[in-house]
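Enquirer: Here are the chains, one letter per residue:
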Amino acid sequence: MPLLSVQDLVVQFRTHDGTVHAVNGVSFDLDEGETLGLVGESGCGKSVTNLAVMRLLPQPAGHIEGGRVLFQEEDLIRLDESEMRDIRGKDIAMIFQDPMTSLNPVLTIEEQMVETIRAHKRVSKKEARARTLELLQTVGIPQPETRLRDFPHQFSGGMRQRVMIAMALALQPKLLIADEPTTALDVTIQAQVLDLLQRLAAEFGTAVILITHDLGVVAGMTKRINVMYAGYVVESATTGDLFARPRHPYTVGLLHSMPRLDAQPGEPLIPIEGTPPDLRQAPKGCPFAPRCAWRVDACWTTMPTLDPIDETAQIVTTGPKATHRIACWNPATAEEGIHAHPNRPGFTPAPPPAEAVS
Amino acid sequence: MTTPMDPSVATTPAVAQPFSATAPEARPLLEITDLKMYFPIMRGTLVSRHVGDVKAVDGVTLSVKKGETVGLVGESGCGKSTVGRTIMRLYRPTGGRIVLDGQDITYTEGAAMRAVRRRMQMIFQDPYASLNPRMTAAGIISEPMEIHKAYESGARRERVRELLSTVGLDPDYGDRYPHEFSGGQRQRIGVARSLALQPDLIVADEPISALDVSIQAQIINLLEKLQDEFGLTYLFIAHDLSVVRHISDRIAVMYLGRLVEVTTAHALYDEPLHPYTVALLSAVPIPDPVIESRRQRIILAGDVPSPSNPPAGCHFHTRCWLRTRLGNPERCVAEAPELRELGTGHAVACHFAEEVAGSPEQTLQVKGSDAAPGARGSAAAVPPGAPQTPPPSKPARN
Numbered sequence: 001m002p003l004l005s006v007q008d009l010v011v012q013f014r015t016h017d018g019t020v021h022a023v024n025g026v027s028f029d030l031d032e033g034e035t036l037g038l039v040g041e042s043g044c045g046k047s048v049t050n051l052a053v054m055r056l057l058p059q060p061a062g063h064i065e066g067g068r069v070l071f072q073e074e075d076l077i078r079l080d081e082s083e084m085r086d087i088r089g090k091d092i093a094m095i096f097q098d099p100m101t102s103l104n105p106v107l108t109i110e111e112q113m114v115e116t117i118r119a120h121k122r123v124s125k126k127e128a129r130a131r132t133l134e135l136l137q138t139v140g141i142p143q144p145e146t147r148l149r150d151f152p153h154q155f156s157g158g159m160r161q162r163v164m165i166a167m168a169l170a171l172q173p174k175l176l177i178a179d180e181p182t183t184a185l186d187v188t189i190q191a192q193v194l195d196l197l198q199r200l201a202a203e204f205g206t207a208v209i210l211i212t213h214d215l216g217v218v219a220g221m222t223k224r225i226n227v228m229y230a231g232y233v234v235e236s237a238t239t240g241d242l243f244a245r246p247r248h249p250y251t252v253g254l255l256h257s258m259p260r261l262d263a264q265p266g267e268p269l270i271p272i273e274g275t276p277p278d279l280r281q282a283p284k285g286c287p288f289a290p291r292c293a294w295r296v297d298a299c300w301t302t303m304p305t306l307d308p309i310d311e312t313a314q315i316v317t318t319g320p321k322a323t324h325r326i327a328c329w330n331p332a333t334a335e336e337g338i339h340a341h342p343n344r345p346g347f348t349p350a351p352p353p354a355e356a357v358s
Numbered sequence: 001m002t003t004p005m006d007p008s009v010a011t012t013p014a015v016a017q018p019f020s021a022t023a024p025e026a027r028p029l030l031e032i033t034d035l036k037m038y039f040p041i042m043r044g045t046l047v048s049r050h051v052g053d054v055k056a057v058d059g060v061t062l063s064v065k066k067g068e069t070v071g072l073v074g075e076s077g078c079g080k081s082t083v084g085r086t087i088m089r090l091y092r093p094t095g096g097r098i099v100l101d102g103q104d105i106t107y108t109e110g111a112a113m114r115a116v117r118r119r120m121q122m123i124f125q126d127p128y129a130s131l132n133p134r135m136t137a138a139g140i141i142s143e144p145m146e147i148h149k150a151y152e153s154g155a156r157r158e159r160v161r162e163l164l165s166t167v168g169l170d171p172d173y174g175d176r177y178p179h180e181f182s183g184g185q186r187q188r189i190g191v192a193r194s195l196a197l198q199p200d201l202i203v204a205d206e207p208i209s210a211l212d213v214s215i216q217a218q219i220i221n222l223l224e225k226l227q228d229e230f231g232l233t234y235l236f237i238a239h240d241l242s243v244v245r246h247i248s249d250r251i252a253v254m255y256l257g258r259l260v261e262v263t264t265a266h267a268l269y270d271e272p273l274h275p276y277t278v279a280l281l282s283a284v285p286i287p288d289p290v291i292e293s294r295r296q297r298i299i300l301a302g303d304v305p306s307p308s309n310p311p312a313g314c315h316f317h318t319r320c321w322l323r324t325r326l327g328n329p330e331r332c333v334a335e336a337p338e339l340r341e342l343g344t345g346h347a348v349a350c351h352f353a354e355e356v357a358g359s360p361e362q363t364l365q366v367k368g369s370d371a372a373p374g375a376r377g378s379a380a381a382v383p384p385g386a387p388q389t390p391p392p393s394k395p396a397r398n
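If you're matching them up, the sequences are chains Y and Z in order. Counting from 1, one number per residue, gives the positions in the first sequence under our numbering. Counting from 1, one number per residue, gives the positions in the second sequence under our numbering.
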């Protein structure tokens, strides 16, 4: 039984402009101690998926419209708020992109960390303080005894993120959700924080969901990756498989549209044409179809399910032997994945169906 | 395309000579010499006293040839944007010289400066903040022409349509407002505006970092296409080394207000000579798990020090891995290293740059091993048209 099993999760936001279809049926499993990357552009639903897992969707707009979130075999969606509060922080912790907005600016680091620990554990203030000190030491804050009494604004961005990590790991959660934890940081500081995160997660046996748009970060940090687009998981594979044999046209496009540090001089970038879809429209067909060079007629009408590439394969959802699955009617071949365009004589992308033209 | 990469050239302790910014073959389009831009720190409520300076740019020397793209890279707060804005003369420099095509514009003011501005334009980072929300796209793009009284009004309209299609937008979109465009389209409007007066130099300050990943490549390719078409010269300022390396011919690496290394895009990755550059390169994640598992990051200790109170001597000495290895030599604290040339066109500001050449850090931690440079998708694939010259051999050290 996996630690976390998200099944057919559907999340919508009801706004003045209409309903935003943020997550349209996402399923994935996560084992204890596993590291999973969720990759995609802004608006692909990667953050919303995890806010739904934490039951922290912005209110009153955000609604979980369907699906189950099984954490240790318990459906989090059915829990009431006080039960959920027991799980947050203790069993599942989360760190965000901007630590300044997730730390309380009017409390010292000591006050907020002690409060977190004492909210979940019956320990004295003194014990909680000792634990706080130990944690700050672990995450590499210099002179933790004096920095304890500092306020968040007195820390640099990298140091604040370390404090967040210390706080997230204070109760040794089973699952840590890291939402773009290093996006706001400089690259040398990013290296420090990622290094720390990786070390501590391994040490504590914490499972990690790493949400990012940076394929470089997931390549080094995760064992398995879900690629998301417009509220769907479009490709799911072990990190090794995904980078060696990307099959979904969107994944292929992402890999070729970012310059690599080690690229050959003169290697061209192949951008993904067009723009991400407007999520206020109910999804019809594959949301990537308008930008896809591989699209066929079916893509305009029906969203394919996430199926194994090898149809006969038994589906393994977690671990190093996880099945490589894609949601695509006309996947790129391995050869096409290298050159990032369809390589079939006479093939042209299917035009949109007649009624959609107007 | 061949660059002299024989490691022996670099490892030979070259005679330290001042780095000359001027390329002998042609007069550079832009030449900045010992540029300084200090911002005063004032204290006091009634009488404000000048108590110090933020030395955002502290003696930068750099030249940009016509038609070239020079990348200026560094972490936040290193002063790279200030360099760009000072070149544009949005500030009055504290010291040094800015020469644009032979004309000294360091302290040019008024009408003379306006005439100069026609020749250099800027593209900004945030396409949401840099376009006036109350003006139409056509109004935004034609405003520079109105200010500089370029084109008759009929020709101006035609020019706007032409510019819109040049940057890949529908010419009929001219009467739309910025909020009706996506981020990528807005940045295209910003690019069109910068082209309106047919400038020679474009300073692009983080032009893609606010855009979605799948859109970034569209803008990079657009900038490259425009450069080919109009012979533009770019100063490309960004924090993302992979992007800068892709678009630039030469790269200048900046740390705390000073340049630490200037070289070709090729040599920067193949043979970085400044310990900071090596650390920066090693910290950039590469989207390839095989390579990532072989690399070992150099984790720099601590944060970037404050530019209002930078460390003495070499600004980088407080975080330098090489200094630690060499037993903390006094020279790094006592003496600020000058940019000096080590090999053709490769300048570095480090007293001990010779120690970096051929070090395990230079190869192992940047590239993961002595393996050939990676190619996308498959380890064996070499893109068609890529130079087939093998990468310079590096001594494998383990």
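There's no promise every hint is true.
What the hints assert, rightly or not - Restricting the straight-line Cα-Cα distance to at most 25 Å, the calculated cross-link-like pairs of lysine to any residue (SDA-like) are: (1) Z:K65 x Y:P265; (2) Y:K223 x Z:Q296; (3) Z:K225 x Y:A293; (4) Z:K66 x Y:A293; (5) Z:K65 x Z:T106; (6) Y:K223 x Z:E292; (7) Z:K65 x Y:K126; (8) Z:K225 x Y:K223; (9) Z:K66 x Y:P268; (10) Z:K225 x Y:Q112.
Claimed, not checked - Okay, the calculated beta carbon distance ranges per label pair: (11) Z:A112 x Y:Q198: 55 to 61 Å; (12) Z:D228 x Y:D278: 32 to 38 Å; (13) Z:G44 x Y:R149: 52 to 58 Å; (14) Y:R68 x Z:R157: 54 to 60 Å; (15) Y:Q59 x Z:A115: 53 to 59 Å.
Hints listed in this document are in silico derivations from the structure and should not be mistaken for laboratory results. Fair warning: this is a prediction, and the values are worked out from it, not measured in the lab. C-beta: ideal position from N, C-alpha, C; glycine also.
Enquirer: For each hint, tell me whether it holds in the structure or not.
Expert: Hints versus structure:
Proposed proximity of Z:K65 and Y:P265 is supported: the alpha carbons are some 20 Å apart, at most 25 Å. Only pairs whose Cα atoms come within 25 Å are accepted, and Y:K223 paired with Z:Q296 is accepted, the gap being roughly 18 Å. Only pairs whose Cα atoms come within 25 Å are accepted, and Z:K225 paired with Y:A293 is accepted, the gap being roughly 22 Å. Between Z:K66 and Y:A293 the alpha-carbon distance is near 37 Å, which puts this suggested pair outside the 25 Å criterion.
At most 25 Å may separate the alpha-carbon atoms for a hinted pair to count; Z:K65 and Z:T106 meet this at roughly 18 Å. Distance check on the hinted pair: Y:K223 and Z:E292 sit about 12 Å apart at the alpha-carbon level, within 25 Å; holds. Simply put, Z:K65 and Y:K126 have alpha-carbon atoms about 65 Å apart, too far for the 25 Å limit, and the pair is violated. Among the hinted pairs, Z:K225 with Y:K223 is inconsistent with the structure: their alpha-carbon atoms are about 38 Å apart, more than 25 Å.
Of the supplied pair hints, the one linking Z:K66 and Y:P268 holds, its CA atoms being roughly 23 Å apart against a limit of 25 Å. As the CA atoms of Z:K225 and Y:Q112 are separated by approximately 52 Å, the hinted pair breaks the 25 Å bound. Checked against the hint of 55 to 61 Å, the C-beta distance between Z:A112 and Y:Q198 comes to roughly 56 Å, which is consistent with it. Separated by about 34 Å at the C-beta atoms, Z:D228 and Y:D278 satisfy the suggested range of 32 to 38 Å.
A beta carbon spacing of about 28 Å between Z:G44 and Y:R149 contradicts the range 52 to 58 Å that was offered as a hint. Between Y:R68 and Z:R157 the CB atoms are about 59 Å apart, so this pair conforms to the stated range of 54 to 60 Å. At roughly 57 Å, the beta-carbon separation of Y:Q59 and Z:A115 lies within the given 53 to 59 Å, and the hint holds.
Of the numbered hints listed earlier, those contradicted by the structure are 4, 7, 8, 10, 13.
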